[in-house]
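Engineer: Listed below, chain by chain, are the residues.
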Amino acid sequence: MVLSGVPLLTVVTFAPLVGALLIALVPRQREGLIRWLALTAAVVAFVASLALLVDFRPDIAGFQAVEEVGWIPAFGIEYKLGLDGISLVLVILTTTLSAISILASFGPIKSRMKEYLISFLILEVGLIGVFLALDLFLFYIFWEIVLVPMYLIIGIWGGTNRIYATLKFVLYTLVGSLLMLVAILATAFSFQAATGSWAGAFDFEQLRTFGFDPGLQFLAFGAFFLAFAIKVPMFPLHTWLPDAHVEAPTAGSVILAAVMLKLGAYGFIRFALPLFPQAAQEWAPAIIVLSLIAIIYGAIVALVQPDLKKLVAYSSVSHMGFVTLGIFIFQEQGLQGAILQMVNHGVITGALFLLVGVIYERTHDRAIAKMGGLAAPTPVYAAIFGFFMLASLGLPGMSGFVGEFLVLLGTFDVSPIAAAIATFVIILSAAYLMWMFQRVVFGELSDFLRGLGHHLTDMTPRELLTVTPLVGLTLALGVAPGLVLDLIAMPVTEVLARVAAPLVGAAGP
Amino acid sequence: MSQSLDAYLILSGLLFAIGTFGFLARRNAIAMLMSIELMLNAVNLSIVAFGAFVPSLAGDGALIALFVMAVAAAEATVGLAIVIAIYRNKRTPLVDEYASMRE
Amino acid sequence: MPFFTAAPEAVPGAVSATDQALVLSLIVLPLIGFGLTALIGRRLGGRAWIIAVAAIVLTWLAAMVLVYQTLFVGAFGEAGLHVLVYEWIPAGAFTVDIAFGVDALTAVMLIVVATVGMLVHIYSIGYMAHDPGRWRFFAYLNLFMFSMLLLVLADNFLLLFVAWELVGLCSYLLVGFWYRRRSAALAAKKAFLVNRVGDVGFTLGIVAIWTTVGTLDFGQVFQLLPEALATGAIEQWHMIGICLLLFAGAMGKSAQFPLHVWLPDAMEGPTPVSALIHAATMVNAGVYLVARSNPLFAQAPEALVVVAAVGIFTAIMAASIAFTQTDIKRVLAYSTLSQLGYMFAALGVGAFIPAIFHLLTHGFFKGLLFLGSGSVIHAVHDEQDMDRMGGLRKRIAITHLTMLVGSLAIAGIPPLAGFFSKDEILAESFKLGFAWVWFIGIVVALMTGFYMFRLMGKTFYGPSHVDPEVEPRIHESPRSMTVPLVVLAVASAVVGLALGFPFENGILHGWLEPVFHGAEETLGHAGGDYQLFGIDGTLLLISTGVSVAGVLLGWRFFGFLSRRPQPEAVERLTQRLRPAYAFSKGKWYFDELNDLLFVRLGGLVARALWWFDVHIIDGTVNGIANLTRSSGGGLRQIQTGHVQNYALGIAAGLLIIALGYLVVVTR
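Protein chains in written order, with the working numbering: chain A, 1 to 509; chain B, 510 to 612; chain C, 613 to 1279.
Take the hints with a grain of salt, since some may be wrong.
Covered stretches of chain C, as calculated for chain A (at least 3 residues, CB under 8 Å) [stated by the list, open to error]:
no.: 1; stretch: 704-710
no.: 2; stretch: 808-814
no.: 3; stretch: 820-832
Everything labelled a hint here was simulated from the structure, so no lab data went into it. Idealized CB from N, CA, C, for every residue including glycine.
With these hints in hand, go ahead and build the complete structure from the sequences.
Structural biologist: Here it is in structure tokens:
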């Protein structure tokens, strides 16, 4: 217990907020200082999140480093943060990619740097908070905090059609999350009615051992499902994603794909399954079918996308289908694979969006048809792009493979047919990625790119600095997936034990 | 002075109805303001009557009526000021022309 | 008795540090070579090959020590050498180690992989000397050697699959090496995608194995799966299913019908790549996989029949296409398909050792033929069309002589290498009761001799059709290219005699017997005595006879040594067999079929789904939004802006409330 006494979770969560407040005090002309402050805040959060590893014990069940302060005692609402392997992994993913995204924003963002960085840091607060909150009310607050800065980031610094995209994104996600709020309140009232006290009515640790009435479970799970499925996004609730990605600035896309999509999957694992285990089992077959559709459908639609960002967006739909498949198959390797796949997708897709951003910086275009032959003028870019293309299609030795394989393994254990369907995606993902790569990187230099002349430069040191950590992570997690798997083993068994043996009957303790 | 509360209340109700009708039917803003005054006075009348007949109020009704009159005076002042301001703008006291609340 | 008897956890203690280091060096050396060449190769300029070639020469030395230890000294016994590096995937009950195993089968594979690999590296020094991207080339080659060695050393299915994909990646990178050429980029992509089709099966096969026995370790799987079958824990169809799924992967990697379409296109890569990856090593991975899984396949004879049928069909189909191709490398590519078909046919009939024997000899003579064709292409300045060659015999004498040895070897002329291995395959299939395999095999043997000497005739003999501008500049290749040719020619000449004589009882049989003994026993293949003056002699005579006949036919039409080619006779023949000729020339129209099915039809489906996504799914979403907005717009009409309308509403509301109150009170 080296760091005992330090409220580390709060430090991690609110370090970016401190940065945002400091930036607010700096006059906007001093852009250098603003950038420096933002990056420092993000790096502090990153270092603090790594410090969480020091005292973390992967072999202990339940939550660690819990911080608990009363907030609205009348209703038993608390400020309560806690850590287990799953949240630890995702928090580190968030702080890593946030720091990288902030660094990646320095070039492309040309106006209102101050407001942009403040938004971005607040976004980070929300994201980390979601992964750490153990009080359902607090969780909901963080969940909605995420929405506001993202709304601004897409709506102000986005592309030409940004207003449409950002409104669609916000309204779509709000529909889901408001229903979730209703469900949260319903569970709290039900808990209060059963125990006669508001104490603990929003406390996840108390609620997760409480057997809710099956009817309530079914409805509340439905509400949670809607909120999470929209965020993941699952077929057929995915259409906000391509629009949001296309219009968002590069760093926005990176965070959106790498971290925000994980909120939904995390919600399933952390809240929906343990709170409503019976309903989860009732819903599971339908969700598995939707996941399979998403896997195949996303990949097929990605094949014919004319826009680089849209292609990656649809590939996200396909990849996240693996995550939901792994979650709802209720099998140890499947769930472990799903969580690993969340991390992998974050790293790899984040990197792909960074790389699309790099080419967009030079060409101000993302149309695949206009590209071609990038290998000759920009060899470093081509090599790194190729690396992540291969990682995304699940090449062994890189991180994407292990997660996908574990999900397939778990799925086959439960339903060989489902596994067979899902496996076909390894052809499709190779097809859309390699076809895209061939058209963008191979061949003779296209006329459009030739017209750019000396503007078509290879990656700058700053851009290299943003992707190199991701290259390292991809290789490290491919060669030693135990880094993540060892951390998540215990919470995975806990979740599955809860789903496998639900408390029968409506009465609580 | 009648010994029955009902008579006062019926009169008050009639006055209020006349005021309501005037407010809805007249198109002249000044006349509408006057109708409002009529309605307020109808209410005043019922309050004073209650004050006289309900023992527990013990004559406090008159005090309440005084407050209502003060509010009515203030309302009339502001209302007239607004009407005059709009009149200067629109050159008509007829409310049919005052549709800018629509947008 | 399965070949792996020792429990794997008992083994590591017995492994000496030297052996461990030796095995690891096989993996690490090429990896270091790759890393260094990729990082600083560009700065080395013309000497970009130095690190890569040095790494591979060292690897070869290590491999040969290991081979010597395994095969000649027998230092590791029947169980072989097992090295555990670390636990790769710890996912609850599912754990996979990075672990290597060296047994006789691996050692035989090492001979081919390390030797041909090294020779190709040396050859490439000369071949790629003028290519500005040579540092990239050597980096990829080293990466390939790493992957291929990983493949033969892997001690569990998942690690094998990793290597399987990595060699596929290297193939992708090297086929698409000249990425500016659209055809090269397309061929690279095609190769990878077609392989992935097979990988679907392979992946499912691996997953099925784990869900059945809970381990992927070779030794345990080969012990537990047959046991599960014996105890009735799984049914026969389960075993057949697993074997067929594994075979699906093998079909992709070893380019068996109908997944053969990628290999001819893969000839877009530089010729040393064709020799190394697409002839001698990577394409054999499928054969290796089936041979390695022999304890499983032995339990599923039905699956073996499928293997045999696919193999022998591929053999005759590819041979028929090789008849009419004019691109020198494509002829060799189809010939490779055909020979791989032989190997699978041998595996399918249960003749595991002849299959590996043929793999070994084929690795040498096909590597030789490809490198020779590279030398020819080099000589005539990047011309690959045989119609524009001819008469090169005297101009590039070393190339000609070595290729002649290779051609005779592949045709099966005694006493060269191909004769021994091919004869064994054919004889075994006949004796094991697969007369149809034997018969088709004999026909293929005849065809092989013919198309190989068609190739030789069109390239080396008769009048020259070389571009007159190039003609005076034809030259023999540099020493770095001819030396590997000579080495491979010598190997192609003697390796069969050295390892395969006496028939069916050569040294190789002694080496591999322990590996396949269990499977052969399960299949009931009791090895009878070799009867030179009985059935075996007759079969030997027949197969030799058809091989010679094939060569003579080729000689008859396309000339050989002093005989002039007969273009008129060829013309008459093609006229008479017009449809068959067109069918062969059109490669059985597989590319057109695939184009129709996957590119056009698949593209249509994808576009239709995209339309569905934009118009139906997103249309619904936007439809809901529009509905909300238009209903809001409708309700807005009520807001007239007239104070009195609002007041009327208030009054009406008041009235309704009052009336409602009255109703309630009077109730």
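Engineer: Which earlier hints can't be squared with this structure?
Structural biologist: Result: no hint breaks.
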